[in-house]
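**Student:** Generate the whole structure from the sequences, applying the supplied hints.
Number of protein chains: 2
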Amino acid sequence: MRVLIAGANGKIGQHLVRLMAASPHTARAMVRKPEQAAALEQLGAAETVVGDLEQDCTHALKDCDAVVFTAGSGPHTGPEKTIDVDQDGAIRLIDSARAAGVERFLMVSSMRADRPENAPEKLHHYLRAKHKADEHLRASGLDFTLVRPGPLTNDPGTGKVELAARLDRTGSIPREDVAAVLLATLDADNSIHQSFDLLSGDYGIAESLSRL
Amino acid sequence: MRVLIAGANGKIGQHLVRLMAASPHTARAMVRKPEQAAALEQLGAAETVVGDLEQDCTHALKDCDAVVFTAGSGPHTGPEKTIDVDQDGAIRLIDSARAAGVERFLMVSSMRADRPENAPEKLHHYLRAKHKADEHLRASGLDFTLVRPGPLTNDPGTGKVELAARLDRTGSIPREDVAAVLLATLDADNSIHQSFDLLSGDYGIAESLSRL
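Protein chains in written order, with our numbering: chain R, 26 to 237; chain S, 26 to 237.
Think of the hints as simulated: they come from the structure by calculation, not from any bench.
All values derive from a computational prediction rather than experimental measurement.
Because identical chains cannot be distinguished in the list, a pair is counted as satisfied if it fits within a single copy or across any two copies.
In silico DSS-like links for lysine-lysine, alpha-carbon gap of 30 Å or less: (1) Lys157 to Lys147; (2) Lys147 to Lys106; (3) Lys36 to Lys157; (4) Lys36 to Lys147; (5) Lys157 to Lys58; (6) Lys36 to Lys185; (7) Lys87 to Lys36; (8) Lys58 to Lys106.
**Tutor:** Below, the structure is given as structure tokens:
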């Protein structure tokens, strides 16, 4: 599959580009600024494309089979950027994917995006924005998967995870493992029209996905 | 006991003032602005005192037996206010309490203040600030208790909680129940030099505290 990675220059995105280079899939890394392209090619991106999630990105979707949305405005911007990128940027790309006939869409959401009442108030704005994008994807008719990792770390991946429609425990997960789960999810047809929480755990990734 | 409530005008603080009015204890509600005093007296505060946590509050501690710190800069201010109030305001009041001979100090902290690696990055700044204040209290020599509630709601209290040195599940807790736990903790001598996570659960408050 040719896969557009929105947020390729982010921390999960960079892991995904690198892992995808060793897979049968073709990564098309979308970057906001042209000068970000070379580093992603170095990491193993087969293709790069310039696109800004606050604008139309239809050109970036050409000939793609799938999209992975792992973009985010990050912890250091204000609440407006969360709406502009995490919410409205995602919704716009979902609509463009549907119009362009790209059927598969993997969304990196967040644990508790579907139950902010179990999250601290400081997260509610972010979780509401993510939830709106998630709900838009669910209703889009696309072959969606919502991947909802818990707190992210920069630790090396372990390949050991726990994923389920709902996890009711605390924990964390390395970004590298999130990227590995995204890559495996592309090949897991039983993940279509599914959503799951994701934390580090005791199970192999393929095994965990097969039980969805 | 005469108890200084720092953050009396906050949501937990207001519940605590009201509940304390029906207890053997005397609430001294600290407010930042004089015009906030009347509403707290209405709620049942036996005494009110004007004090700003960004300044010295020694005058507010006179003749008190205990302090409950439930103040916070809230979700709508910037990161600087979190340092000024949640962290440095707490540290200053701890030092003033020790100097004034007020021996008992209950701190409303936050679940995962002691393990931010299990919390989303958007919370790390807040949790680090709370943790610094918590550690200062631990080292103060005061008869401290650290109460670490999970995500707070405005739902009515149920009187049913779960508290333990560490809870590894998700959940939430009404602010009214947090206030009830604080009041009960004042009378629970076995809570001295203890810290605990707190969520809604299946147990009565007194029973839960007795098992600490």
